[in-house]
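Residue numbers (full-length UniProt numbering), protein chains in the order written: chain Y, 1 to 268; chain D, 1 to 268.
Treat the hints as calculated values from the structure; they're not laboratory data. Incorrect hints may appear among the rest.
Treat identical chains as interchangeable: a pair holds within one or across any two.
Derived DSSO-like pairs: lysine-lysine, alpha-carbon spacing no greater than 27 Å straight-line [said to hold, decoys possible]:
no.	residue 1	residue 2
1	182	58
2	116	94
3	193	255
4	142	58
5	40	58
Number of protein chains: 2
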Amino acid sequence: MKLKSPYLVKPHSTVRVTRLPAGDTGSFKTEESAAPVLVKHRSQLNSLQEVLYASQQKALLIVLQGMDTAGKDGTIRHIFSGINPQGCDVTAFKVPTPLEARHDFLWRAHSAVPPKGMIGIFNRSHYEDVLSPRVHKLISGKTVRKRLDDINGFEEMLTDNGVVILKFFLHISHQEQTSRLKSRIDTPDKHWKLSEADFHERKFWVGYEEAYNDILSSTSRKHAPWFVIPSNHKWYRNVAISQILVDVMQGLKLKYPPSTFDPSHIKL
Amino acid sequence: MKLKSPYLVKPHSTVRVTRLPAGDTGSFKTEESAAPVLVKHRSQLNSLQEVLYASQQKALLIVLQGMDTAGKDGTIRHIFSGINPQGCDVTAFKVPTPLEARHDFLWRAHSAVPPKGMIGIFNRSHYEDVLSPRVHKLISGKTVRKRLDDINGFEEMLTDNGVVILKFFLHISHQEQTSRLKSRIDTPDKHWKLSEADFHERKFWVGYEEAYNDILSSTSRKHAPWFVIPSNHKWYRNVAISQILVDVMQGLKLKYPPSTFDPSHIKL
């Protein structure tokens, strides 16, 4: 997988998210100029997904992480509405159920990994297990380190078995989160998206930043890269992510498979 | 659920699919005149799905059945591309796996039923178990009858628990199947969709028609109605189905739920 995105986290580099741009808009000056590009990307993704589905050679796993309100749901809605839902599974990882909590932390993620031919989107993921429990000191630093190693092993195994993994950290500033929460409070139709926990977790912003610094520094690998996507501008976030998806899927050079038999012999 | 579609199978009526229109195009004379209606339906479904997701009061289960090439995949692609994939799960029922075959015939269907808030699409379904095994005489008439009763009980139980069930039989003529198979043979990019089994099963067309007559006559219920959709014209099939979906989802009168707490107290 050749990648030349400016938002790629180079493997084994040391990341500090606060130093990376959240408000960047790349080569676009306005939302209007980016809109037709997103339309084009969606159309390309639609075609690329059909070949992925037909060829059954590769699975594509897309991991979305970010602070609350960073735009994980919106990314899915804006980029993947237009994809054939038959070829695309979304798994939203919430607080573990009692059964999930009795399993190892990779169990529920593993069972949701897309099979060949499918796009799987993780809305949050196994990375949650090195975020909230770490920030709230429910696990030791040694456990965090062990889990990050486990994740690298897990993702390498998946890649070896045909899963293409792309991981996106949706990077917003603290100020942008403030304004998004305000907007949700002011819009009754969005109240269902609010929970008191969001406001509580917000107090731990710096702790989450530190946890993400470690995740991005430790688990961006050639086979399973992280991208830190400037996400203060939703429209740019959508274009930046869809561009990477198109580039990577085109790079797979998948083809429609031949028939398993010679259809020219069939008489109708 | 009030339904006034001309394609509704009235509960306890006796159906003969050969007497029902496969080539109907309703009030539309041309594909061009129907196209903007489908665009409108897709946009309406997109909004209705978001409220369904937010309110978590109801699940919507859509069952798609039909002869080979009737257009089950195409229906999903054309109507549901545009839906947020996070709110929509598609399950394609294939030949049962060894594990599935060791379970009762409703087991795998039950585990794929959408939870409240979700749209679930069954591409083929539990109705396969009263089709192929019946046509090939692998089960007795008594077993067919018992399974149809079991299905009615199962679907009634689901409805009692918040699942709205809509079942569509995509009705094509034998001649239309011939022309679709020919087109697949002539298009190399579609060869992956061909299997020798399709051509073999085609010889049992009349047997499948009889099996569908029994299914439609026995399992169309007020709580889980069947619609026989004229599907020779793909564009009309899409409009006819999406119209029913919009009508039913609007009829649910779902609303965005209020916040679980008073957000006006929050200080940011």
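We went through each hint and held it up to the structure:
1. 182 / 58: For residue 182 and residue 58, the Cα distance exceeds 27 Å both inside one copy (42 Å) and across copies (29 Å).
2. 116 / 94: Cα proximity of residue 116 and residue 94: in one copy and across copies (25 Å, 16 Å).
3. 193 / 255: between (41 Å within a copy, 14 Å between copies)
4. 142 / 58: neither (34 Å within a copy, 44 Å between copies)
5. 40 / 58: within (23 Å within a copy, 35 Å between copies)
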